[in-house]
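Colleague: If you want the building blocks of each chain, they are given just below.
2 protein chains.
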Amino acid sequence: MAKKKKITVQKFGGTSVATAEKIKAAAQRAIAAARGGNQVIVVASARGKQTDHLIADALELNPNPPKREMDQLLSTGEQQTVSLMAMAIEAMGHKAISMTGSQIKMVTDSVHTKARIKSIDANRIKKHLNKGCIVIVAGFQGVDENENITTLGRGGSDTSAVALAATVKADTCEIYTDVDGIYTTDPRIFKDAVKMEMISYDEILEMASLGAGVMHGRSIEFGKKYNVVIHVRSSMSEKTGTLITHEVPKMEGILVSGATIEKNLAKISLIGVNNKPGNAAKIFAHLAQAKVSVNDIIQTEVSNEKANISFTVSKNDFADAQKTVEEIKKKVNCQDAFYRQDIAEISVIGVGMRTHCGVANMMFSTLAKAKINIDSITTSEIRISCLVDKDQGDKALISVCKTFELDKPVEKRSYVK
Amino acid sequence: MAKKKKITVQKFGGTSVATAEKIKAAAQRAIAAARGGNQVIVVASARGKQTDHLIADALELNPNPPKREMDQLLSTGEQQTVSLMAMAIEAMGHKAISMTGSQIKMVTDSVHTKARIKSIDANRIKKHLNKGCIVIVAGFQGVDENENITTLGRGGSDTSAVALAATVKADTCEIYTDVDGIYTTDPRIFKDAVKMEMISYDEILEMASLGAGVMHGRSIEFGKKYNVVIHVRSSMSEKTGTLITHEVPKMEGILVSGATIEKNLAKISLIGVNNKPGNAAKIFAHLAQAKVSVNDIIQTEVSNEKANISFTVSKNDFADAQKTVEEIKKKVNCQDAFYRQDIAEISVIGVGMRTHCGVANMMFSTLAKAKINIDSITTSEIRISCLVDKDQGDKALISVCKTFELDKPVEKRSYVK
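In the order they appear, the protein sequences are chains A and B. If you read the first sequence in the numbering used here, its first letter stands for residue 1, the second for the next number, and so on. If you read the second sequence in the numbering used here, its first letter stands for residue 1, the second for the next number, and so on.
Pulled out of the complex, with its shape left as it was, chain A reads as follows:
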């Protein structure tokens, strides 16, 4: 009996399929994997700016388009890419078949524009793989139980790829993109940033939630839940990229894996709030009602009766947040409210923090030495974040990166044992 073939999932994002030449390059990569003895599933996004164009078409007709119809519209972008890629692969002499979310029965819930995957019919894909086809699946889309087309929201094609890899028990899940992996920090600010070989799901989740924008959180959560090792790599080169995996012991020695900066933030402080049970809940319930998404929250007691409550929100939500706070102020006996939009949040992330003390201290003294004032601090188990003046944000990030030697490969850092 023939040896069971390995299964590879390759995901190509919008920029990697934007032109005919790029589709051909992606097609060649899929064929190379197939000729190398793999069964290959390709997941593709809509081409280049197509989704933006479709959204513009929609808004011209309806400033608030029904979400079901938006999904029906946007899903055509991926459908076009996958059929074109199947044509390209066939032109190069390999069998290929394209599949929509509906055709592979990628069943989701009915929450249009941010649906969650419930199940995928692996047999529909395997049938074609076993016939020797490269199967090209439209990312980002599924169908609910009534055959309405749904989409998975931001980063949805990554989620499709990881979910498919989990469903067919793929051996590898490659995410092709226009960068050659995930960097220790944003190279536009710290030009000596280096590519990470490996990062844990938890670390990348902290980075993603801070807006590092490499991969969307949901696809990472999927990978973590179903043990899919995700390989983020460049569609323009053969170099290994960054592996996103479960935590392995050697990661512990790396105090800080990466650092991020978030500038699209505003900070809101409520001063002298009556410190009685339910007051904080009241504030955040009103913000939730106004659809304001709150990031970090800091509450400090000023006296037995009074507390100060601060929190950060995305700048996009700032106007709504301010309006809500002004409305609620009196109800919670708040003496005053302050608003700051000139802040930046610098964060360092690393699973090593769990077992090593001193990381926070290294960060604070670095900022002190650089004469950067820390407005406030929040932490999670594997993250330390400081709010600083926006003007000093880049300088703060660079100082921190130097301290944690994020310009060197892991094995060359002085603090890594």
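Among the hints, erroneous ones may be present.
[Said to hold, decoys possible] With a cut-off of at most 27 Å between alpha-carbon atoms, the simulated BS3-like pairs for lysine-lysine come out as follows: (1) B:22 x A:49; (2) B:276 x A:49; (3) A:4 x A:191; (4) B:127 x A:114; (5) A:67 x B:195; (6) A:126 x B:67; (7) B:105 x A:127; (8) A:95 x B:67; (9) B:224 x B:195; (10) A:22 x B:131.
[Stated by the list, open to error] Derived DEER-like restraints, expressed as beta-carbon distance ranges: (11) A:63 x B:197: 36 to 44 Å; (12) B:338 x A:95: 44 to 52 Å; (13) B:123 x A:20: 49 to 57 Å; (14) A:95 x B:123: 32 to 40 Å; (15) B:92 x A:341: 53 to 61 Å; (16) B:123 x A:291: 35 to 43 Å; (17) B:92 x A:323: 25 to 33 Å.
Please keep in mind that the hints were generated in silico from the structure rather than gathered at the bench. Note that beta-carbon positions come from the ideal geometry of N, C-alpha and C, so glycine has one too.
For chain A, the structure is supplied; the task is to place chain B on it using the hints.
Modeller: Just chain B now, with coordinates in the frame of chain A:
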């Protein structure tokens, strides 16, 4: 109990949905019908030149794209239109839902790019109609029994509309287009052509097969088979257009309903073919094998042993036809073959011919009076066609139109009783 509502099908072609303004106009028309007490099904084509653009994208990647993938690609055009139109209708305050061929289970055979409809699930549409939605269905597309997307070929959206009208037993089936109905002849050549109020399925079928290009033959056949009265009308006005119906008695008085000219023709003549059984079959079998579609055939005996065989083909097929004839010539003992590309075919069509003699004579003497030589003549029960020099084509058409008074409404023609 409430009175059962009438059901209206409205089909909008590519030019009628090309811009946001045109989509809004179509949406308004659908809403007007709904507010007038109808249940409304809209069938829409891909916007403007979109199908052409998608075909160009495909050919850039594969000069001979697999037909299944072509269907997967092209079907996105209609899907985009229907979701956009649903958004437009919702923006105007009426409930709407868009449906793909797959979502209404428009099941076809598996002949990609020219599939034939096998069944439609009327309940899927009626469910939404009964909820008060305008249902907007993607024309031109279906799915085969394995959920592969299929398309219906040229004029497919018309076929979708007529098939839907038949399935839901619609009271009217309106085909909106950029002309205000079907004219007695091409007004670009005979500027006094008038709009017909009514024409029979059989007549329009003869006109369609002659390239009059109003509606594709298959949709007419569907209408004829399932008794759907088709109303061809303008998307830019409220005027009644042309009704395509079963033959009614009063049509018999109209000797000639319309006249056509076809210039995209070539004529091939095989001279002195051995007149023995099977020779003609051999010729046309070879042409069929070369995928040449043969129009009219004329065979004349020259002697007991010899015959001349002539036929016309579309100019697009001429090169293939010529090659085939040159190959087959010796096998059928043909003495010579002649090729003409400088011809035009003038036809008059009318069910009245069945019961009235003299139409052929009127046509021939008209051409004689205009000093136009007739190369050859073919007829069907309701059609007479003459091949003439291409240079004289327009003049011939105009003369014939004048003779049969195709510049006048039916009731004002001198020969109509």
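Colleague: Quick check on a hinted range of 44 to 52 Å for residue 338 of chain B and residue 95 of chain A, using CB atoms only.
Modeller: Given about 46 Å between the Cβ atoms, the range holds.
Colleague: Decide if the proposed pair is consistent with the structure: residue 224 of chain B and residue 195 of chain B, CA atoms, cutoff 27 Å inclusive.
Modeller: Holds, because 21 Å separates the two Cα atoms, which is no more than 27 Å.
Colleague: Is it true that residue 123 of chain B and residue 291 of chain A lie within 35 to 43 Å of each other by Cβ?
Modeller: holds, 38 Å
Colleague: In this structure, is the beta-carbon distance linking residue 123 of chain B and residue 20 of chain A contained in 49 to 57 Å?
Modeller: violated, 43 Å
Colleague: Is the distance from the Cβ of residue 92 of chain B to the Cβ of residue 323 of chain A consistent with 25 to 33 Å?
Modeller: For residue 92 of chain B and residue 323 of chain A the Cβ distance comes to about 31 Å; the hint holds.
Colleague: Verify the proposed pairing of residue 4 of chain A with residue 191 of chain A, using a straight-line Cα cut of 27 Å.
Modeller: The given pair, whose Cα atoms are some 45 Å apart, is violated under the 27 Å limit.
Colleague: Between residue 127 of chain B and residue 114 of chain A, does the CA-CA distance stay at or below 27 Å?
Modeller: holds, 26 Å
Colleague: With the threshold set at 27 Å, check whether the alpha-carbon distance from residue 22 of chain A to residue 131 of chain B stays at or below it.
Modeller: violated, 46 Å
Colleague: Is residue 276 of chain B close enough to residue 49 of chain A, meaning Cα to Cα at most 27 Å?
Modeller: violated, 65 Å
Colleague: Is the hinted pair residue 95 of chain A and residue 67 of chain B satisfied, with a Cα-Cα distance of at most 27 Å?
Modeller: holds, 13 Å
Colleague: If you draw a straight line from the CA of residue 22 of chain B to the CA of residue 49 of chain A, is it 27 Å or shorter?
Modeller: Cα-Cα ~24 Å, so holds.
Colleague: Starting from the range 53 to 61 Å, see whether the pair residue 92 of chain B and residue 341 of chain A falls in it by beta-carbon distance.
Modeller: Violated - the Cβ-Cβ distance for residue 92 of chain B and residue 341 of chain A, about 39 Å, lies outside 53 to 61 Å.
Hint compliance for this structure: hints 2, 3, 5, 10, 13 and 15 are not met, and every other hint is.
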